[in-house]
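Enquirer: In order, the protein sequence lines correspond to chains A and B.
This note's numbering applies: residue 9 is where the first sequence begins, and numbers increase by one.
This note's numbering applies: residue 8 is where the second sequence begins, and numbers increase by one.
Don't read these hints as lab results, they were simulated from the structure.
Hints are supplied without guarantee of correctness; some may be wrong.
[Stated by the list, open to error] Straight-line Cα separation of at most 20 Å, SDA-like style, residue types lysine to any residue; simulated pairs:
#1 A:Lys281 to B:Pro100
#2 A:Lys323 to B:Ser73
#3 A:Lys325 to B:Thr16
#4 A:Lys262 to A:Thr360
[As the list claims (entries may be wrong)] Derived DEER-like restraints, expressed as beta-carbon distance ranges:
#5 A:Arg352 to B:Gly30: 45 to 55 Å
#6 A:Asp361 to B:Gly30: 48 to 58 Å
#7 A:Leu282 to B:Phe12: 27 to 37 Å
#8 B:Asn89 to A:Lys264: 39 to 49 Å
#9 B:Pro111 to A:Thr167: 21 to 31 Å
#10 B:Thr14 to A:Glu121: 46 to 56 Å
#11 A:Val263 to B:Arg24: 33 to 43 Å
#12 B:Glu29 to A:Leu282: 29 to 39 Å
#13 A:Ala266 to B:Pro111: 38 to 48 Å
#14 B:Phe12 to A:His224: 44 to 54 Å
#15 A:Asp361 to B:Phe12: 55 to 65 Å
#16 B:Asn89 to A:Gly160: 36 to 46 Å
#17 B:Asn89 to A:Val263: 49 to 59 Å
Heads up, the beta-carbon is just placed ideally off N, CA and C, and yes, glycines get one too.
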Amino acid sequence: MALPYRRRMSSLLNQFTQHAPGGTHSTDVAIIGAGPVGLFAVFELGLLNIKTHLIDILNRPGGQCAELYPEKPIYDIPALPVVTGQQLTDNLLEQAAPFKPEFHFSQMVESLEKTETGWRVKTDADTVIECKVVVIAAGGGSFVPKKPPIAGIDAYEGTSVFYAVRKMEQFRDKHLIIVGGGDSALDWTLNLAPLARKLTLVHRRDEFRAAPDSVHKMRELAALGKIDLLFGQVTGLSGHDGQLTGVEITDNDKVKHALGCDALLPFFGLTMKLGPVANFGLNLHENLITVDTEKFETSVPGIFAIGDINTYPGKLKLILSGFHEAALMSQQAFRICFPDQKLRFQYTTSSTDLQKKLGVK
Amino acid sequence: MQSVFVTVTDYEGTPHRLEGLEGWRLMEVIRDNGLPIKAECGGACACATCHVYVAEGWVEKLAPKSADEELSLDDAMMVQDNSRLSCQIILTPEHEGLEVTLAPNP
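Chain A on its own, in the form it takes in the complex (with noise of 0.2 Å):
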């Protein structure tokens, strides 16, 4: 699903393979969930000679780390007495790199699939990754769009209320009413006002936290009544066989205005939903997934569930849980991994092995 590209990517992410959609992969790990303990998992997997790749639904690393939180300072990191979202998702990608793991950003996985040698994970991008261990790291769920609480807004999504803009062309010569005040609304407010026969933005409030670049060309077209703007809410949807014929809007002065729309645009942000891993077949608690506390594994072999998105007795949802739970998680990855093989502890302060993988020996 393509997501509004709201922040610059961190250019430590250029060092790895990040790839587009589709294709078949091969690995040994397939980890949905690009966060902090995803993310420390390549490092605990690593070690152990286990090759990973992430899937996560934003597009860039980080999770709630970088989408909700990037610049809000953290102080619960054991060794790290203050840091960002951001700065802890850069740290742990630095940690991450020498075992190069690879990418797929902006896709929500969709299925699991046990084959012969493992799991077959496939995505809402057709990406395929063949895989002999699943781990799931996601989190809250899967970021999605905000639905806005208006009755019967269900009987429209996809047809004619979106959340996303897929090909701009379908909103040709349409009455859109967009939503929103942040980058998202306005991005689509100035690409779509040339193609739409009539467009209104819909805001709240009298100001903006969009660009101010993209604010000052809105109310240019504005002024000279090339889009419509109002300051209220949308409150009432009409129309018939998932087709919009018109909104209620509520102004900030309580009055109902009855607009004409063929489309409505709404963005809110992003909220978190467990999705399609309510699907996989795992024992859940609560839309938490339940885990052992030796492997962190799941009702099903081979699946992991690691960090805010597992349960068992005691859970606590602290990033350090998650770690914890990466490393042990690995151990029992690496004997399914490689069967033949002998597991043996080391540290890596001593283990000139360990350093030549980390590439400081």
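Using the hints provided, position chain B relative to the given structure of chain A.
Expert: For chain B alone, kept in the frame of chain A given last:
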């Protein structure tokens, strides 16, 4: 730390009297008591998923919204004049009896 009792009405319209503690964020009290508030960013004023409506008479008694909170409210929906992000309300003894209602979750 002094207890501060607040009343939080859930999505079904049922009020719950919750014991909070001075210095806690209202969001933490709601989450700690198991009410279904998303509060995804954990109090960083970044996600707008701890949105509540403050009862009449209480709006003026709370510390005013910061620019940051107003900005984050742009990502909330069904925003009203009495909308607040509960992670930005830090309880003091003056909040004894505060009443809020959970706003619809996205």
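Enquirer: Each of the hints needs a verdict: does it hold here or not?
Expert: Hints and how they fare:
1. Straight-line distance between C-alpha atoms of lysine 281 of chain A and proline 100 of chain B comes to about 36 Å, which puts the hinted pair past the 20 Å bound.
2. Simply put, lysine 323 of chain A and serine 73 of chain B have alpha-carbon atoms about 34 Å apart, too far for the 20 Å limit, and the pair is violated.
3. Distance hint between lysine 325 of chain A and threonine 16 of chain B is unfulfilled; the C-alpha atoms sit about 26 Å from each other, more than 20 Å.
4. With a C-alpha separation of about 71 Å, the suggested pair lysine 262 of chain A and threonine 360 of chain A falls outside the 20 Å cut-off, and the hint is violated.
5. Between arginine 352 of chain A and glycine 30 of chain B the Cβ separation comes to about 49 Å, which falls inside the hinted range of 45 to 55 Å.
6. Between aspartate 361 of chain A and glycine 30 of chain B, the C-beta spacing of about 50 Å keeps the proposed range 48 to 58 Å intact.
7. Remark: the range hint 27 to 37 Å for leucine 282 of chain A to phenylalanine 12 of chain B is upheld by a beta-carbon distance near 33 Å.
8. Separated by about 19 Å at the C-beta atoms, asparagine 89 of chain B and lysine 264 of chain A break the suggested range of 39 to 49 Å.
9. The supplied range of 21 to 31 Å is met by proline 111 of chain B and threonine 167 of chain A, whose beta-carbon atoms lie about 23 Å from each other.
10. A hinted range of 46 to 56 Å for the beta carbons of threonine 14 of chain B and glutamate 121 of chain A is consistent with their spacing of about 50 Å.
11. Checked against the given bound of 33 to 43 Å, the beta carbons of valine 263 of chain A and arginine 24 of chain B, roughly 37 Å apart, stay inside it.
12. The hinted range of 29 to 39 Å is satisfied by glutamate 29 of chain B and leucine 282 of chain A, whose Cβ atoms lie roughly 35 Å apart.
13. For the pair alanine 266 of chain A and proline 111 of chain B, the beta carbons lie near 22 Å from each other, so the given range of 38 to 48 Å is not met.
14. Look at phenylalanine 12 of chain B against histidine 224 of chain A: about 49 Å separates their beta carbons, and that is inside 44 to 54 Å.
15. For the pair aspartate 361 of chain A and phenylalanine 12 of chain B, the supplied restraint of 55 to 65 Å holds, since their beta-carbon distance comes to about 60 Å.
16. Between asparagine 89 of chain B and glycine 160 of chain A the C-beta distance comes to about 26 Å, which lies outside the given range of 36 to 46 Å.
17. About 19 Å separates the C-beta atoms of asparagine 89 of chain B and valine 263 of chain A, a value inconsistent with the hinted range of 49 to 59 Å.
Of the numbered hints listed earlier, those contradicted by the structure are 1, 2, 3, 4, 8, 13, 16 and 17.
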